[in-house]
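Here our numbering is used: the first residue of the sequence shown is 1406, the next is one more, and so on.
For the record, the hints were derived by calculation from the structure and aren't laboratory data.
Treat the hints with caution; some may be incorrect.
[Unchecked claim] Below are the DSBU-like pairs computed for lysine-lysine, each with C-alpha atoms no more than 30 Å apart in a straight line: (1) Lys1576 to Lys1832; (2) Lys1449 to Lys1642; (3) Lys1432 to Lys1407; (4) Lys1639 to Lys1674; (5) Lys1674 to Lys1754; (6) Lys1754 to Lys1639; (7) Lys1413 to Lys1832; (8) Lys1674 to Lys1644; (9) Lys1644 to Lys1602.
[Said to hold, decoys possible] The calculated label-pair distances, taken between Cβ atoms and stated as ranges, are: (10) Tyr1454 to His1646: 19 to 29 Å; (11) Gln1603 to Glu1475: 15 to 25 Å; (12) Glu1438 to Ala1729: 13 to 23 Å; (13) Lys1407 to Ala1729: 17 to 27 Å.
Don't be surprised by glycine CBs; every beta carbon is placed ideally from N, CA and C.
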Amino acid sequence: MKFYSTNKQSPPVSFKEATIKGQAPDKGLYFPEYIPQLDAAFIKNIETYSNEEIAYRVMAPYVGDELTEETLRRIVNETVSFPIPLVQVSEDIASLELFHGPTLAFKDIGARFMSRCLAAAIGTGQTSRVTVLVATSGDTGGAVANGFYGVEGVDVVILYPSGKVSPVQEKQLTTLGGNVVALEVEGTFDDCQAMVKQAFMDQELRAARFLTSANSINVARWLPQQFYYFFAYKLWKDKEHPPVISVPSGNFGNICAGILAMQSGLPVKHFIAACNVNDIVSDYLRTEVLTPKTAVPTLSNAMDVGNPSNFVRILEIFQHQFPALSRRLSSDTITDSETAAAIRQLLEKQNYLADPHGAVAFLALQRYLDLHPGNRGIFLETAHPVKFPEAVEQITGSSLEIPAAVRSIMDLEKKSIVIRPDFADLKDYLLQ
């Protein structure tokens, strides 16, 4: 399997090369040269397979002979070593809980898979030392820090917007130390992401340090997010009627992986991109014009993205054919007041506590099902509510118990380097 740049001005590369490079030299994102079609018998009998076997079969076509079967099986086994339950919330709606990993967020899957692939690539002599440079709006930073901490030959530099991530998120990405450095940017996530993109294009930096990305632009972070869509279908009882799936969407890597899984043969009735007011994709689906916006802060801060990088991959999946895309994907915009009301509704009527991102996806799904009776669906609960304690406690009027997985880090000292939202500051740090 080769991967080409969505800008089509760079040569195709192997899976390992795409993992190490992160982004193509022409500023495009790497995309598989074809979408594998999974065997119909595998889909039909999916309930008989372990999650580890499902994950291996999903990734094997993309990896090809770049990793041995033994290595790939070890990587996927370590990646999916925690529960991913499908919890029935109401008669027609279930929640796919993706927060049972080490950092309580869905990004644990991609970060764990990528860190192990990168270590394998370094181990085979692809390069001697790599700097993982990543921008985060919250959960990516903690997952990447945890996934790459202590990995031999890898330095991790995480940019995050000051004052715009939750206390738990900030502790997860600033307390490890070692090979993980947190740069606290006095700006927005879009500033962080723009600085990271500029770093990858800077020839002086590229000559001084071997840079790669652990954002969902990296194929080794993006592709394994398909796993939990297959796990959800494995647990879905009504195989005769595939689910509608609502995904909280910010940078669009998660929902893009789900759509890729669908195009590979996974039965899904329809996808909903559940957006907060940073909703350029909602506008696109109305107008066929994609116009970036300046991101504004919301309760669902991990989705505060005004120019989602991964949407170009969704366009690529549908070969830039708007009619085909709009038949399988719709979008909805949920305000903060509606998000708060959804959290209260779930708790009071269903005794289910959602985080703001899951609440956005729940409400978008509920609205879709109201307009399309006879369907049933799944929303993705992408993070534990404790990662957003101030918002959730204020909305519910109850305090949250901090899970043991993060309780131990809350008293640790924050270690960050404050920089301006200026590429020169980032470049100076990396060159030093």
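- Is the straight-line distance between the alpha-carbon of Lys1674 and that of Lys1644 30 Å or less? holds, 11 Å
- Message: Check the hint pairing Lys1674 with Lys1754 against an upper bound of 30 Å on the C-alpha distance.
- Response: holds, 27 Å
- Item | Supplied distance hint 17 to 27 Å, evaluated on CB atoms of Lys1407 and Ala1729 | holds, 24 Å
- Would you mind confirming whether the straight-line C-alpha gap from Lys1449 to Lys1642 stays at or under 30 Å? Distance of about 13 Å is within 30 Å: holds.
- Item | Outcome for the supplied range 15 to 25 Å, where the beta carbon pair is Gln1603 and Glu1475 | violated, 39 Å
- Between Lys1432 and Lys1407, is the straight-line Cα distance small enough, at 30 Å or below? Cα-Cα ~17 Å, so holds.
- Message: Run the distance test for Lys1639 versus Lys1674: straight-line Cα separation, threshold 30 Å.
- Response: holds, 15 Å
- Given the proposed pairing of Lys1576 with Lys1832, does the C-alpha separation stay at or below 30 Å? Holds - the C-alpha atoms of Lys1832 and Lys1576 are around 25 Å apart, at most 30 Å.
- Message: Holds or violated: the 19 to 29 Å window for the beta-carbon distance between Tyr1454 and His1646?
- Response: holds, 21 Å
- Message: Given a hint of 13 to 23 Å, does the C-beta separation of Glu1438 and Ala1729 actually sit inside it?
- Response: This hint holds: roughly 19 Å between Cβ atoms.
- When you check the alpha-carbon spacing of Lys1644 and Lys1602, does it fall within 30 Å? Since the Cα atoms of Lys1644 and Lys1602 sit roughly 42 Å apart, the hinted pair is violated (cutoff 30 Å).
- Within a Cα-Cα threshold of 30 Å, do Lys1413 and Lys1832 meet the stated pairing? Status holds; Cα separation ~28 Å.
Checked against the numbered hints given earlier, the structure breaks hints 9 and 11 and satisfies all the rest.
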